[in-house]
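J.: FYI, this note's numbering numbers position 151 of the sequence shown as 347, with every residue one higher than the one before it.
Please note: incorrect hints may appear among the correct ones.
Okay, the calculated beta carbon distance ranges per label pair [unchecked claim]:
#1 S333 x E677: 45 to 51 angstroms
#2 D664 x Q625: 19 to 25 angstroms
#3 T299 x L566: 21 to 27 angstroms
#4 T611 x N400: 34 to 40 angstroms
#5 N383 x D664: 27 to 33 angstroms
#6 G634 x T337: 31 to 37 angstroms
#7 S658 x Q601: 36 to 42 angstroms
#8 N378 x Y288: 34 to 40 angstroms
#9 K546 x N400: 28 to 34 angstroms
These aren't lab readings, by the way, just hints derived from the structure by calculation. It should be emphasised that the depicted structure is a prediction, and the values quoted were computed from it without experimental measurement. From the three backbone atoms N, C-alpha and C, an ideal C-beta is built for every residue, glycine too.
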Amino acid sequence: MFIDSLKNSLKNSLKRFYGDTEGSFIIIFAFTALLLVGVTGAALDYARANLLRSELTSALDAAVLAAGASVSSDDLEGVLQKYFTANFPDGYMGASVDNFVFTLSEDGETLTASVEANLDYSLLQTFLGGDMGVAASTEVTLEKRGMEIVLVMDNTGSMNGSKMTTMKNAAQNLINILYGANEVVDNMWIGLVPYTATVNIGNNNTGWVSGLDEDDFSPTTWKGCIEARGAAEATDDTPAVGGLWTPYLYADASDNNWKCTGCSISGSNCGDSSNIYKDTSGSKQHWVNENQCARNDGTGPNLGCGPAITPLRQAKTTISDAIDDMDAWHRGGTFSNIGLSWGWRAISPKWQGLWSGVDAAQPFDYDEPLMEKVVIILTDGQNQFYDHNGGGPSGSDYTAYGRLQEEIIGAGINTQGEGTAEINAQFSQTCEDMKDEGIIIYTITFQTSGSIRDVYRDCATSNAHYFDSPSNDELDEVFEEIGDSLSNLRLSK
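Generate the whole structure from the sequences, applying the supplied hints.
T.: Structure below.
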């Protein structure tokens, strides 16, 4: 409005002066006025052009970064256009945009984009007509920053049904985002730690445990779950040297008399079967029924023991298959402190050369150049000892810490509330120790309520790394957002 008024005023003044015949002063004034208009207009348009170039560059940077982070998107041009337009909408600053061009290098490591915009002159429009062109360009280099990522997933009984299905689908979508159509991605390794009231380290790691007697598990065998270490080492990443763990053996209470001397197991099921053992005679025998579909009514020395940890692997299929193998395992309770501790051990350099199938140099040192360590942990409920009276001591189901009344988790801790407080305290301590080492922690509470949300929020690297999913539908969005954020880019100009 001001510029239009000024132009009209100048036009009218010039007309009056050209019509005046009273001497050379009019001519001098006219040229001076024109010069003043030119200088003012040039300065104004120069400032506008610089501002436009700055805005174009900022929008272009945002678009290129977003396109690079969207590693699963095949529509690169669409992503670029979407984010550029979001930051520089049509008609912004009165400019028209054209020649929006991008190039991805043959090796896929460099993304370049450029854009041109036209802007009408201000005061000079009257004399010059047309418009002025402004260009901007930017380039982003994909650093191929490496990652060791571990998913620590709740496999407790409360995850049974649609929750487990939803979590597995969301985790598979995360894997698809990270891998795209590739079976292997350079410098990226992913592991999986399912946890219940214990963790399965794999029955091949007998050197990590002490006191293993397979006769205690007859006619089945030790599956791989372990009991917790002493309080001093329960939350740290001290490696498995000299048999630091005790094999998890579900207590031989009256509801779990599975032993059958001289028998061999013929299978397991979820029903009431008297012929679970071969070569038995007489009345019905007790049987091993550790399948998770038995829920809280299962029996056997491995009751509540979920699938084994999958250490760092590069192959997409290996991780995808491990996710598919997850299921809800009942009894014991929820001990995310144990899950998180083993998530740490899965990427701690103190464990180099200890994990089967993992390169001897891994997990990498914390100061490995261009390498990030990431742990994503999910729970659907409070940390707690499960209170299920199935024939053992009242209200004291068996866990990696034995029974609550045994006070193995801590002297004087023998009530549900005290147990939850101690599990949370150990969990929080592990969080802080991991963050001190520079490990990035994403935390997810899934259909939970109460104080566990605060515990998980405090554990996360930042508030932006904590997610609460109150429904099945939102969990997939959570994993998608995490997947998109796990791309580390650097602008180079």
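J.: Would you say the C-beta atoms of S333 and E677 sit inside 45 to 51 angstroms of each other?
T.: This hint is violated: roughly 29 angstroms between Cβ atoms.
J.: Quick one: are N378 and Y288 within 34 to 40 angstroms, going by C-beta?
T.: holds, 38 angstroms
J.: If you check the beta carbons of K546 and N400, does the distance land in 28 to 34 angstroms?
T.: Since K546 and N400 have Cβ atoms about 20 angstroms apart, the given range 28 to 34 angstroms is violated.
J.: Kindly confirm whether 36 to 42 angstroms is satisfied by the beta carbon distance between S658 and Q601.
T.: holds, 39 angstroms
J.: That 21 to 27 angstroms hint for T299 and L566 (C-beta), does it hold up?
T.: holds, 24 angstroms
J.: Given a hint of 19 to 25 angstroms, does the C-beta separation of D664 and Q625 actually sit inside it?
T.: holds, 22 angstroms
J.: Taking the Cβ atom of N383 and the Cβ atom of D664, is their distance within the range 27 to 33 angstroms?
T.: holds, 31 angstroms
J.: Between the beta carbons of G634 and T337, is the distance compatible with 31 to 37 angstroms?
T.: violated, 23 angstroms
J.: Confirm or reject the claim that T611 and N400 have a C-beta distance inside 34 to 40 angstroms.
T.: holds, 38 angstroms
Of the numbered hints stated above, those contradicted by the structure are hints 1, 6, 9, listed in ascending order.
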